[in-house]
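J.: What follows is the residue order along each chain.
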Amino acid sequence: MKAIVSVKRVVDYNVRIQVKPDGSGVVTDGVKMSMNPFDEIAMEEAVRLKEKGKITEIIAVTIGGAKNEETLRTALAFGATKAIHIKDEGEVQPLTAARALAAVFKKEGASLLIAGKQAIDDDANQTGQMVAALLDIAQATFAGKVDVDGNKATVVREVDAGLETLEVDLPAVITADLRLNEPRYLKLPDIMKAKRIPIEATTLADLGVTAAAAVKTVKTVPPPSRSKGVMVKTVDDLVAALKAKGLA
Amino acid sequence: MSVPEKTMGLGLKVLNRFAGLSLVDKLKLRKPSEQLLFQATRAGFVGIGAAARSFAAVNKLVRPARLAPGRERELFDLNPSEEQQMLREAVAAFADAELRAAAQAADSACLAPKPLLEAAGELGIGLIGLPEEVGGAGSERSVVSNVLVAEALAHGDLGLAVAILAPGAVANALGLWGDEAQQAKYLPAFAAASAPAAALAVQEPRALFNPFLLKTTARRERDGSYLLEGLKSLVPRAADGELFLVAAQLEDHGPALFLVEGSTRGLSVRAEPAMGLRAAATAQLQLHRVRVGADALLAGGDAAVYRDCIQLSRLAWSALALGCGQAVLDYLIPYVNGRVAFGEPISHRQAVAFSVADTAVELEGLRLTTLRAASRAERGLDFARETALARRLVAEQGARIASDGVQLLGGHGFTKEYPVERWYRDLRAAGFMEGALLV
Numbered sequence: 001m002k003a004i005v006s007v008k009r010v011v012d013y014n015v016r017i018q019v020k021p022d023g024s025g026v027v028t029d030g031v032k033m034s035m036n037p038f039d040e041i042a043m044e045e046a047v048r049l050k051e052k053g054k055i056t057e058i059i060a061v062t063i064g065g066a067k068n069e070e071t072l073r074t075a076l077a078f079g080a081t082k083a084i085h086i087k088d089e090g091e092v093q094p095l096t097a098a099r100a101l102a103a104v105f106k107k108e109g110a111s112l113l114i115a116g117k118q119a120i121d122d123d124a125n126q127t128g129q130m131v132a133a134l135l136d137i138a139q140a141t142f143a144g145k146v147d148v149d150g151n152k153a154t155v156v157r158e159v160d161a162g163l164e165t166l167e168v169d170l171p172a173v174i175t176a177d178l179r180l181n182e183p184r185y186l187k188l189p190d191i192m193k194a195k196r197i198p199i200e201a202t203t204l205a206d207l208g209v210t211a212a213a214a215v216k217t218v219k220t221v222p223p224p225s226r227s228k229g230v231m232v233k234t235v236d237d238l239v240a241a242l243k244a245k246g247l248a
Numbered sequence: 001m002s003v004p005e006k007t008m009g010l011g012l013k014v015l016n017r018f019a020g021l022s023l024v025d026k027l028k029l030r031k032p033s034e035q036l037l038f039q040a041t042r043a044g045f046v047g048i049g050a051a052a053r054s055f056a057a058v059n060k061l062v063r064p065a066r067l068a069p070g071r072e073r074e075l076f077d078l079n080p081s082e083e084q085q086m087l088r089e090a091v092a093a094f095a096d097a098e099l100r101a102a103a104q105a106a107d108s109a110c111l112a113p114k115p116l117l118e119a120a121g122e123l124g125i126g127l128i129g130l131p132e133e134v135g136g137a138g139s140e141r142s143v144v145s146n147v148l149v150a151e152a153l154a155h156g157d158l159g160l161a162v163a164i165l166a167p168g169a170v171a172n173a174l175g176l177w178g179d180e181a182q183q184a185k186y187l188p189a190f191a192a193a194s195a196p197a198a199a200l201a202v203q204e205p206r207a208l209f210n211p212f213l214l215k216t217t218a219r220r221e222r223d224g225s226y227l228l229e230g231l232k233s234l235v236p237r238a239a240d241g242e243l244f245l246v247a248a249q250l251e252d253h254g255p256a257l258f259l260v261e262g263s264t265r266g267l268s269v270r271a272e273p274a275m276g277l278r279a280a281a282t283a284q285l286q287l288h289r290v291r292v293g294a295d296a297l298l299a300g301g302d303a304a305v306y307r308d309c310i311q312l313s314r315l316a317w318s319a320l321a322l323g324c325g326q327a328v329l330d331y332l333i334p335y336v337n338g339r340v341a342f343g344e345p346i347s348h349r350q351a352v353a354f355s356v357a358d359t360a361v362e363l364e365g366l367r368l369t370t371l372r373a374a375s376r377a378e379r380g381l382d383f384a385r386e387t388a389l390a391r392r393l394v395a396e397q398g399a400r401i402a403s404d405g406v407q408l409l410g411g412h413g414f415t416k417e418y419p420v421e422r423w424y425r426d427l428r429a430a431g432f433m434e435g436a437l438l439v
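Just so you know, the sequences run in chain order A and B. 196 is the number that our numbering gives to position 196 of the first sequence; each next residue is one higher, with no gaps. 127 is the number that our numbering gives to position 127 of the second sequence; each next residue is one higher, with no gaps.
Hints were generated in silico from the structure; no laboratory data involved. What you were told as hints is all true, and nothing was included just to trick you.
Facing chain B, from chain A, some residues (calculated, C-beta under 8 Å): (1) Arg73; (2) Ala77; (3) Met192; (4) Lys195.
A virtual CB, placed ideally from N, CA and C, is assigned to each residue, including glycine.
So that you can see chain A by itself, here it is in the shape it has in the complex (with noise of 0.2 Å):
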């Protein structure tokens, strides 16, 4: 059985972002990039079920530019068994990213897509949910738990509410929470022999598909910055200060 899974390069989670003086993006140049750590989560569940025999190939699928074979050497290291590098240079809209996966999960014949529920970078939580709906296949988003037995997935899904357990048929997508697991770490003789496992390149459209144009992006702008705290002397300054902003 088949596991794709879908890993994006984004800023890392480590950085201080920095919006571009006009306001067109954030500042990417000389910035880290590493592993969406959604993605790694999603990973990491591929490899655990390919460990416990449950998938037999776990491919990694990535959309973008030729840095992005960065994200890719990552996931052969984690465990990967094939990379798919469909280059792109333009930005990926997720519906774009969505239309590729699906045509990647129809022609490998893949049974799970396993992906992070969204990327730390545009935080649009959409890309899963829509390869599901393109596939018209089962989803289980939030996933806190993964089992997969036969033709079955059980996943446990972290909802507002709580947790909710889904019983899906196979095909389908998974989205990863962060309680999911916790990744491994990298080991070194494994990220050596990633480096000479072979990327196989693709573009949009060998694939078949149009990027969409769904989003226009007006402006970016950084949160507005906390301006300085006022000390009061007492319990009832606070109070006539809340209520003087109506806040109490």
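Take the given structure of chain A and dock chain B to it, following the hints.
T.: Showing chain B alone in chain A's frame:
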């Protein structure tokens, strides 16, 4: 000298002698060599049970396995390759989470926790310098990768980094200079899941120590074996050492390296807790009439090999000091920006800002020199000059960086609540350590 002084001196001498003997006996650190069973698997050989293992060649090598020299790069490029960057990041993720968390306890206990050493082994840190023929993962010599790994580990904790890298030093030396019999006997064990505790033993406890003029001696006997006599100090993890690479002055020849198994008769250790590097469990290693076979001599006692070994070790210490110094800087910057005194962050004071800037400048200088030495070593060029430059920077700036670190944290820096005092103690060691590690 007056009579009372003389008497006192004599008394102390006897006491010291006695204390030394009883300690060695009390510690009972030399267990008799227990025969180990090696189960041959694809990955290597797993030792069962005993602490002191004996080594035996399972597969014969036709010729020694060597890593090819690294590729010559045409452009002047100090950026790590994509692979080197990935290795560095993988080690950094491990070091900054696991080593940093375990550091203080390990420092107090003078011991690196076993689970941590095993986790580092699982990461395969020791495998990247080993040729594939003996179960390693290396295809070409990469001193630069080794430097980056050492730096990343020391960024987590220097003492633990030493404990983790010490066996790799012996494995590296065997990979570089061991003959086919030595490699076949020892290297597969280093490629196994739990690598043996091993260390280089070069340092000696005396003033003005010079690794090229050793007090430890080796005499060639008539039957071709060697008799070793001497005292080595600050040997990492010596108390459970299973294999040592001992530097000794070979009679009528010069300094040379000898493979001495931990279970050899005449070998004893004495704990030597020091100011820094405490997590590396450093100890004195005494060799008293230690007899090793003719096959224990590494590279036929080649003087050039010994020199390279010392240089690579010094380079390793530069890399470690660099990692620890960087840890100080990375800790300082947010601290001085966040710590408010006189109504503003202390970084607004020039005395503070200049000190932080100096640290950054010196670390960058050390980084460039270290990488340049590593890059030359990797390509098989002479790297003595660059190593000497890096070493001087470590000796002078390492201590200053750490001392400033303590100073800038004020009273906090002096307490054990903050890691900077530990880094201060560890960085003091980096300036004079000669031979415990190799890159």
